[in-house]
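Trainee: The primary structure of each chain is shown beneath.
There are 2 protein chains.
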Amino acid sequence: MASKPQAGRKKARARSTTAKPKQAKAAKSRVSKRKAVAKAPTAKQPEPARTAKDLAKGQRDISVSEFFAKNRHLLGFDNPSKALLTTVKEGVDNALDACEEASILPDIRVEIRQLSETRFCIAIQDNGPGIVRAQVPKIFGRLLYGSKFHRLRQSRGQQGIGISAAGMYGLLTTGKPIVIVTRTGPKKDAHHFELVIDTKLNAPKVKRDEVVKWDVPRGTRVEIELEGGYRGGQHSVDAYIRQISLANPHAQITYVPPKAEEHGAEHVFPRVTKVIPVETAEIKPHPHGVELGVLMQMFRDTKARNVRSCLQNDFSRVSSRTSGQILEAAKVAPNRRPSEAGRDEVERIHNAIQAAKIMAPPTDCIAPIGETLIEAALKSEVSAEFTVSISRRPTVYRGNPFLIEVGLAYGGDLPGDQTITLYRYANRVPLQYQQGACAITKAVTSTDWRSYQMQQPRGALPVGPMLLMVHIASVWVPFTSESKEAIAPYPEIIKELRLGLQECGRKVAGHIRKQRRHADEEKKRAYIVKYIPQVAVGLQEILDLNEKQRDKIVTELTHVLERSRKM
Amino acid sequence: MASKPQAGRKKARARSTTAKPKQAKAAKSRVSKRKAVAKAPTAKQPEPARTAKDLAKGQRDISVSEFFAKNRHLLGFDNPSKALLTTVKEGVDNALDACEEASILPDIRVEIRQLSETRFCIAIQDNGPGIVRAQVPKIFGRLLYGSKFHRLRQSRGQQGIGISAAGMYGLLTTGKPIVIVTRTGPKKDAHHFELVIDTKLNAPKVKRDEVVKWDVPRGTRVEIELEGGYRGGQHSVDAYIRQISLANPHAQITYVPPKAEEHGAEHVFPRVTKVIPVETAEIKPHPHGVELGVLMQMFRDTKARNVRSCLQNDFSRVSSRTSGQILEAAKVAPNRRPSEAGRDEVERIHNAIQAAKIMAPPTDCIAPIGETLIEAALKSEVSAEFTVSISRRPTVYRGNPFLIEVGLAYGGDLPGDQTITLYRYANRVPLQYQQGACAITKAVTSTDWRSYQMQQPRGALPVGPMLLMVHIASVWVPFTSESKEAIAPYPEIIKELRLGLQECGRKVAGHIRKQRRHADEEKKRAYIVKYIPQVAVGLQEILDLNEKQRDKIVTELTHVLERSRKM
Chain A
419 MASKPQAGRK KARARSTTAK PKQAKAAKSR VSKRKAVAKA PTAKQPEPAR
469 TAKDLAKGQR DISVSEFFAK NRHLLGFDNP SKALLTTVKE GVDNALDACE
519 EASILPDIRV EIRQLSETRF CIAIQDNGPG IVRAQVPKIF GRLLYGSKFH
569 RLRQSRGQQG IGISAAGMYG LLTTGKPIVI VTRTGPKKDA HHFELVIDTK
619 LNAPKVKRDE VVKWDVPRGT RVEIELEGGY RGGQHSVDAY IRQISLANPH
669 AQITYVPPKA EEHGAEHVFP RVTKVIPVET AEIKPHPHGV ELGVLMQMFR
719 DTKARNVRSC LQNDFSRVSS RTSGQILEAA KVAPNRRPSE AGRDEVERIH
769 NAIQAAKIMA PPTDCIAPIG ETLIEAALKS EVSAEFTVSI SRRPTVYRGN
819 PFLIEVGLAY GGDLPGDQTI TLYRYANRVP LQYQQGACAI TKAVTSTDWR
869 SYQMQQPRGA LPVGPMLLMV HIASVWVPFT SESKEAIAPY PEIIKELRLG
919 LQECGRKVAG HIRKQRRHAD EEKKRAYIVK YIPQVAVGLQ EILDLNEKQR
969 DKIVTELTHV LERSRKM
Chain B
419 MASKPQAGRK KARARSTTAK PKQAKAAKSR VSKRKAVAKA PTAKQPEPAR
469 TAKDLAKGQR DISVSEFFAK NRHLLGFDNP SKALLTTVKE GVDNALDACE
519 EASILPDIRV EIRQLSETRF CIAIQDNGPG IVRAQVPKIF GRLLYGSKFH
569 RLRQSRGQQG IGISAAGMYG LLTTGKPIVI VTRTGPKKDA HHFELVIDTK
619 LNAPKVKRDE VVKWDVPRGT RVEIELEGGY RGGQHSVDAY IRQISLANPH
669 AQITYVPPKA EEHGAEHVFP RVTKVIPVET AEIKPHPHGV ELGVLMQMFR
719 DTKARNVRSC LQNDFSRVSS RTSGQILEAA KVAPNRRPSE AGRDEVERIH
769 NAIQAAKIMA PPTDCIAPIG ETLIEAALKS EVSAEFTVSI SRRPTVYRGN
819 PFLIEVGLAY GGDLPGDQTI TLYRYANRVP LQYQQGACAI TKAVTSTDWR
869 SYQMQQPRGA LPVGPMLLMV HIASVWVPFT SESKEAIAPY PEIIKELRLG
919 LQECGRKVAG HIRKQRRHAD EEKKRAYIVK YIPQVAVGLQ EILDLNEKQR
969 DKIVTELTHV LERSRKM
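Top to bottom, those sequences are chains A and B.
My numbering puts the first sequence at residues 419 to 985.
My numbering puts the second sequence at residues 419 to 985.
The set of hints was computed from the structure by calculation and includes no laboratory data.
Just so you know, not all the hints are guaranteed correct.
For chains that are exact copies, the list does not tell them apart, and a pair is met inside one copy or across any two.
Heads up, simulated DSS-like pairs for lysine-lysine below, C-alpha to C-alpha not over 27 Å straight-line [stated by the list, open to error]:
| # | residue 1 | residue 2 |
| --- | --- | --- |
| 1 | Lys721 | Lys488 |
| 2 | Lys941 | Lys606 |
| 3 | Lys625 | Lys556 |
| 4 | Lys623 | Lys966 |
| 5 | Lys500 | Lys948 |
| 6 | Lys618 | Lys556 |
| 7 | Lys721 | Lys702 |
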């Protein structure tokens, strides 16, 4: 509670009289080892060297672009090779989102041209719906602008930062504008834009805007020139393209790596299904996830005329009956104007909401990859002897629906003496950095894989011939940073992840046990087979049999062995 | 390079004729296991379900407050107990910065009042210079506003987000405004403000603004009510207050934990020095750290009339001679107007800057804690048998000066069978979260402590009775997130950290060796001492001595032992 100034004054005076003995006591008990400087007898401090007025002169606004330009490692532009990967990722995320929103089977082209040792031109082209001319500058030349932030719906992008930030990084490192060609349909003009972001204003400056001929009937092409680095390995663009193709089997991706002309290699990752992921619904917030301050804001902004219809219309899963119960419990009249409800009333409503029984949020806002496609993806990725996959049912964290999928491949070509390979995905986008900080990794390391017949150093990933592919789909993925590299460990998410992993773990354990039993049988059988002739010879001698009878015994014993130890 | 639209068209057409065979080849070589869906004979796609026009309707601005309200885990408000700690931290950071900027010995008071199980009121009060009335709403009711972002100078805050975000979190969770009382001097009025942040506009809404009586002659008091959690342990407010007091020995901190009235405990952490840290200078950017895009921006914004004086005035360490050499190498006339320089010219200047020999940045912008005070802090924190500390000389990453300090305490009360304790600091602020993601941790785990006589599991923190206190001071600390919990692992920073750790490591190794030698001697001596009487009895028998002679032998042998094995 905000202390009233008068009270504050009283308290302050009270303190000045009582604080001293208390201080002395506390200092003795808690910080006894620390020697205080003797208080100077003239405790009066001199006038400050700088006054508040001096300091006020330095106060000013910081534009969000300036902020992220200076802190560009927050967006994934830490170093040249990561900057290159992040640019590709942001472009592909947008391309796939655009296609899916328009229900178009995505056909994406990623080109990386190397211009000098450290300079690259990245081009991402899609067959999406295109962008209307007026929107182009804002979408590409302004941070925090977009369509995905203010809604609750599953998509790859959600912040309205990514592609503009990539353009800003290109501008910072090369001074070159971002180039966009877009066309909204075969009968429409194709527009060619070149623009830069004015970081001080966080606003686009258009350098060129003209109609051009383009033999692509519909789609968008983005080109960014930047200082970058191209490298292989786990964090490479190549690995990214392969992984995103795995999680988006409905997309065809053509990838032209640097120096493709030399090697003549344009890699095509064809689609393995023609089914576009089910279109996800946009949902309203669930009342259980709403905070008091947000509820107050909603009451101020709502178009509803009374609190009852506000609760019913602006939230999901609030029926007429539920809203009635909530308002009764809160002792607020149902026909109260939302904008007139005071803080106390809203707080009572907020408390009543928490206590009310409300159905879980609808889950048609989530589009899983699906067990069949995950297994198909795993099989295309590795030659394993066993694969299994699980799509869990959707559930909720902080009011946001989410869903976990786990795919597991075991044995075969996978190396057995190393830590397992873990592919992490969020809304079908591979996460390649910050594995250690991710909820997915935490869930894997905190699962007891030893009970599933795997080796596992304490607190670490298991060791063995296994590939894990873990996917979280949500209307709002809680990333640990703007660069979207790891998922924040909400308890509800960790719990679901562990349940999915355990389900797969039990199945692989069954397989491993069967495999071991098999190997044991083989060993025993080989042992017995080896001694059958000796047994026969022994019997021959004891029973005085002829050679034919002896051979028959060998044959029969072998038969018996095969029947009894059928595998 | 941005492809010209005409060229783009030509290329696209060329692709459509040649792409097919290439695609087939690539698909075979790279993704042979993946079966493509047969192309439907009627490959023409239907019209998109949603057009670009439909999609454009959803596009809109996202205010930075909305962004951080939704992503508040980025700012350290992940959960109730962390939110409480973050609020205290942001308040104390600001209080200490304000005092030091005005050269006032800080006297900070932190109060936590528990209002209900999950609701707390946090108050932070300082004896700083106060805030002029007009600035109060913006400083506390707007994200990305402040004096510390646009300058290169060491301070705790640097983003202009912290305290407004804490106020926003309070508003979100309790609907209550942030309360500020501030006074710029004994003869000035004290102003009482209550304000909230309008997240949609990222702007303050003042609810109350009045002159009040306040018996504090100068300073600022901030009160925030929030949903929080109070807990103990490594991440507690108690641990934070103790650690910040360690790194700020010139500050007196009075801490009133929840339920202080019941326990009667107000903890005072008295100052151990009256010396305010040396006032740090604000510096200009060093040319070696500047990026091409930034240089272009500086040329557009400069007040200098020609490029030569721009280089000399707007950068540090560029003499008249250096700027002449740079411009000569870049083949740009020294009297060229900066705003008229084209991209090519600026790029040539940028390249010439990289090639030029330029003095390292000035380092008087960094204020170390100092070896003496670090050791004093360690001694006040633990009863160790050995302490050592190092302040490294300032050096530079990405043009930003920084400095590393390491303090090490060993033995004594410290537990020997556990992982060592690591206190991380950045600009005198303790870092309590994300230890695993921090450059400091990386530097410690990648140091070979076994060569310094310590146990160390591979890739982990060493094990033993040791406390490490590591401090990085810089004009711009590269945090891995807005919540300022961990330091990004720039190679230059890791290198300096390791050098500091190694220096301390060598010293503690000397101590441990000496200690072991000592223990060995003790063991041997005990062994010999035990047998001296037997030797004497033996000699007595062989030489036929009397008891007095035998006792004399014991005494003399003991003397000899003590002389020869003097320790």
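Trainee: Where does the structure disagree with the numbered hints, that is, which hint numbers, in rising order?
Mentor: 2, 4 and 5
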